[in-house]
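Novice: These are the residues of each chain, in order.
Protein chains: 4
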Amino acid sequence: MILFQSDYTEGACPEIMERLLATNMEQTPGYSEDVHCMRAAELIQKACNAPDSKVHFLVGGTQTNMTVIGAALRPYQGVLSAETGHIHVHETGAVESLGYKVLALPAVDGKIQAEQIDEACTLHKNDASFEHMVQPKMVYLSQPTELGTLYTKKELEEIRTVCDKHELYLFIDGARLGYGLVAGGNDVDLEALAKLTDVFYIGGTKVGALFGEAVVIKHPALQKDFRYMIKQKGGMLAKGRLLGVQFETLFENGLYMEVSKHAIRLADKLREALIQKEYSFFVENTTNQIFPIMEDTKLEELKENFGFCYQTRIDENHSAVRFCTSWATKEENVDALIAAL
Amino acid sequence: MILFQSDYTEGACPEIMERLLATNMEQTPGYSEDVHCMRAAELIQKACNAPDSKVHFLVGGTQTNMTVIGAALRPYQGVLSAETGHIHVHETGAVESLGYKVLALPAVDGKIQAEQIDEACTLHKNDASFEHMVQPKMVYLSQPTELGTLYTKKELEEIRTVCDKHELYLFIDGARLGYGLVAGGNDVDLEALAKLTDVFYIGGTKVGALFGEAVVIKHPALQKDFRYMIKQKGGMLAKGRLLGVQFETLFENGLYMEVSKHAIRLADKLREALIQKEYSFFVENTTNQIFPIMEDTKLEELKENFGFCYQTRIDENHSAVRFCTSWATKEENVDALIAAL
Amino acid sequence: MILFQSDYTEGACPEIMERLLATNMEQTPGYSEDVHCMRAAELIQKACNAPDSKVHFLVGGTQTNMTVIGAALRPYQGVLSAETGHIHVHETGAVESLGYKVLALPAVDGKIQAEQIDEACTLHKNDASFEHMVQPKMVYLSQPTELGTLYTKKELEEIRTVCDKHELYLFIDGARLGYGLVAGGNDVDLEALAKLTDVFYIGGTKVGALFGEAVVIKHPALQKDFRYMIKQKGGMLAKGRLLGVQFETLFENGLYMEVSKHAIRLADKLREALIQKEYSFFVENTTNQIFPIMEDTKLEELKENFGFCYQTRIDENHSAVRFCTSWATKEENVDALIAAL
Amino acid sequence: MILFQSDYTEGACPEIMERLLATNMEQTPGYSEDVHCMRAAELIQKACNAPDSKVHFLVGGTQTNMTVIGAALRPYQGVLSAETGHIHVHETGAVESLGYKVLALPAVDGKIQAEQIDEACTLHKNDASFEHMVQPKMVYLSQPTELGTLYTKKELEEIRTVCDKHELYLFIDGARLGYGLVAGGNDVDLEALAKLTDVFYIGGTKVGALFGEAVVIKHPALQKDFRYMIKQKGGMLAKGRLLGVQFETLFENGLYMEVSKHAIRLADKLREALIQKEYSFFVENTTNQIFPIMEDTKLEELKENFGFCYQTRIDENHSAVRFCTSWATKEENVDALIAAL
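Protein sequences appear in the order of chains A, B, C and D.
If you count by our numbering, then the first sequence holds residues 29 to 369, one letter each, in order.
If you count by our numbering, then the second sequence holds residues 29 to 369, one letter each, in order.
If you count by our numbering, then the third sequence holds residues 29 to 369, one letter each, in order.
If you count by our numbering, then the fourth sequence holds residues 29 to 369, one letter each, in order.
In short, the hints are calculated from the structure, not lab data.
All copies of an identical chain are treated as equivalent in the list; a pair is satisfied when it fits inside any one copy or across any two copies.
Mimicking SDA-like on lysine to any residue, the simulated pairs with C-alpha atoms at most 25 Å apart in a straight line are:
| hint | residue 1 | residue 2 |
| --- | --- | --- |
| 1 | 153 | 57 |
| 2 | 252 | 194 |
| 3 | 82 | 158 |
| 4 | 252 | 158 |
| 5 | 331 | 319 |
| 6 | 153 | 345 |
| 7 | 153 | 324 |
| 8 | 153 | 323 |
| 9 | 358 | 53 |
| 10 | 358 | 55 |
| 11 | 153 | 247 |
| 12 | 289 | 54 |
| 13 | 252 | 195 |
| 14 | 252 | 192 |
| 15 | 223 | 281 |
| 16 | 193 | 252 |
| 17 | 331 | 309 |
| 18 | 153 | 319 |
| 19 | 305 | 362 |
| 20 | 181 | 194 |
| 21 | 358 | 61 |
| 22 | 331 | 58 |
| 23 | 252 | 157 |
| 24 | 331 | 342 |
| 25 | 331 | 51 |
| 26 | 331 | 53 |
| 27 | 153 | 249 |
Throw the hints in and build the complete structure from the sequences for me.
Specialist: Take a look at the structure:
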């Protein structure tokens, strides 16, 4: 059985495993107050050209989303998100469990646009009962989105402008950020993200690490006391240096980009093969998640040898599914899948 | 200026004011542990033919909704509601502030149907990632709805069946219940509500009382420890007997129905006049909220003498607005409005 | 049976009942956006000599405490309180239900002192694991305290100084404030409270009103968006003018002080009688709550005709109990109690 | 610099690192639904002789505590804990952040006793205002405690009896459980823990693993839907198999006990040396945390070469400090410390 169902089916890239082994018996203080975390933070500040940012390391994505959002909002404020956003759909209500409403907006291909945000805020402000409604205060985007699509620099700039207009924080979930950074057509690099957002994170779990997300906080109001928030939300790893060591490895010699490119190269190969075989797609994108539409009979056949995700029913005989590549995907497995299509 | 903007523009009906005066210097224990609350509860149990129910009195609607929902849900569970539901739109995220997600469903004329609920629960159960999603556990309806429409008995029976199938609690918000009970075409009486729901409430604030909502709890799991919940959520009135006195007055001789009929008679008069003048409606209903569509110029003119609520823009020159009648509406004011139309 | 168990056994003072009756059929907008609330707010600003303050009206004390505290704290912050404080003991964890820890300090006669607050904050800041502990950010006091004692102006000034040193908000719960303002030996008036605190409230429920607490907010950070908080926490009364009318009545001609004096005069009479009969006291104070220590046999006897509160066991044969007077207490009832002692 | 300040200064024991390496490129489903987690769960059920228990794996202790407590309590319920308990002091209010009050009880040497629990519950039930107070529903203990002390089997049995009497859940935090299991004088084994508690956890982070805690749930009400809770609270590790692999390694051949014994042997050596040098102790215990009282001048001297934790001031010239051994402690380092004493 060959698994394409997600980008977290394996452990970590060998460089990280080696480094964890090499540093295993070092003695360090706990809770990310060690030299590895410090160095990893510096490497990331540099990669983002954001010397004034603060970088924190958390274990997973849901944890990161809830900690960041909890650090930003007052009790009566909410976070605008695509209706397909991870926080709205796939985190068992983690944001609500902290007391905050996710204000869902209709999305096209997993994306929302500046005008929608502007409209939502304007409607709120102009409503006579505005105090009876949740006040929008943050925008949550994913780059890439849940559907593997990417915001362009222009789109993000427009969203930034609207955020400034309505005093909203802009937060980007980068659980799969590496795959977006190196994807075809992408024009948003780390520096642009650091410049346009108030806070974003660089996903490690799905991009070469055993686990770990690096949060880059630009806005001073969100920087303040952030470690209290991490601890309270259960995200303060005792052996924090594990996170430091991993991100040090990923960012000291460009490994993060390198492993991302591997995934994209194989995704492109698979995508190309699907196009040639005239499959259509549930959504078109250039990142590591591919959403072909297939006959159900074909899916039954594939299921015997390949793992993939069921996405949604298209019609009586067809469904959309998801195949992922990752830093760990073997070319021979992609070839086997292509042969089986 | 004559106000039609809501059904809470006046104080309370004279019978209640008299009774409050008459009992003013009685000494009673606090926190609704007095004879008036006890008697009011018995009158309501009787009116609902629900001797096994527990009746509690709270001050307002949002408070009641959050207390009931908080008593019912586990942290990872959510409440299904029409996207137009009061808890989703007009309570500043009170339900989310307790940690629970409102699972909004598309609504037609403010109502959701059994099939939608069934589908949402079935999708949840069949999703491979169901544990990553909020588990539906309660259905929240309003009778009448935010748009003044009513569920039929058949619709409620179908929803009850789906609730039983998926082990959901059924909760009905009756903030304007009186106006629904006596409205044209209604076939859902108090007894049916008590039989079909796990918990519902009888609104006093908008139906003759100074304030107060009577919660009728049928399901034993929701009855347990409910007073702890009331206290924690800030709804335990020190002089609880004020609530008891009011509901005693409303329910001992049919006053609740009587004042409701007054409002409906005047609403019908206004509705009839609007129809004759060939206004169309944003939504058709038979209760005390009327939503005509009017020219903006006409609205500007009316605004000088009449208070009403802006509902939504219809087209470049037309808007939908809301006029409410209530137990307190004077016929001469309705006549004046009709004359001005 | 004559009840002395609390100061909320009756309705409201006649002046308030009359005014509620007189304004009953006035039409006003809801949610405290009416002329009565506006005027009441102005009267209170004036009484406090605090023109820059914002005044809001809520229904009850627990509701007020949770709304104010929720408006002030970030998720990782806590509120320092006497271990006997109402928020720590008698609100079913309402503050914790919003996510905040009550940081309890040992109290003497219901009071905490500036040095304790200073020490708690200093310990926090100097602890190497400070981020693993709740950060103190607010001080909660009651005036009078749960045990009827009063802070002196000097004590409050010292506490203010410590609050400034550690950037803490100072919040005073004045559920029984009237009885403190006019009590023997008190040197803290409304103006001093408005000057020394960031937020405090003037209790109506126990001091002449049917219900209602007037929150006076001095600190701009707490003023911002406070009405969103009121709505979310279930405290936005639909017929808000009921609160306005009551506080208007209490503050336009000194009624608040007048009814308070009545209670204190009768409390002093009862206290004097107890002293003459050589009862000792659980705590000594000058306000409307009296805590004599009595033989259990005597209490059994009294119980047949008088209601009072059991406070705590003192020894095998003695207990401390609480008698309250209020604006509504009849002198003949106090005389009857004195005769029975 | 040699660190004795905590038991999480190194990575993981070599057997675990090897296994992580060996399984690194295996493809598995995410979220702990893999063969390693399944096998680890079985090994633990067997070690506890608790075939009906459910075993879940989480990353860290605070996360585990909040998830378990959140799964157990209704909003108005609280958890009884020693005032020195980790949840009360060192988790930045994580339990309160979920809405629950920690009901702190005075502790002797970090422990609370059955009678205290009984008394707290009895007082609650007998209080006339019980609904105004948080209802005790769970007991939280640590084994070993924060001060390295151990509950005896007899003590736990008495606590269990009180829990049954008052319908309380009994939850034991075993963040350092291994060190307790093999400590001198301990008579509480895994089987006893599984028999006496409703839920407890076996700490990995401090006992040989990189990270990870294995929660053993006995009570059916706590088993239900626990994975929803894990996900919502941010504890659902994408590569859950990392937890499975680690606990598999720890429990398949007794490694968990073996590494614990190493720590205890070296702790005993250090403790013995301190006794011989006539140091007194802040608290006496037999586990891996040692709390000697030392002159401040001596501490200044030691600080140059050794890391340790400051515990508390004893008198003008003396302080209590903490030294920890762990699975990773080198005997030569203990010898160096002994030499320096």
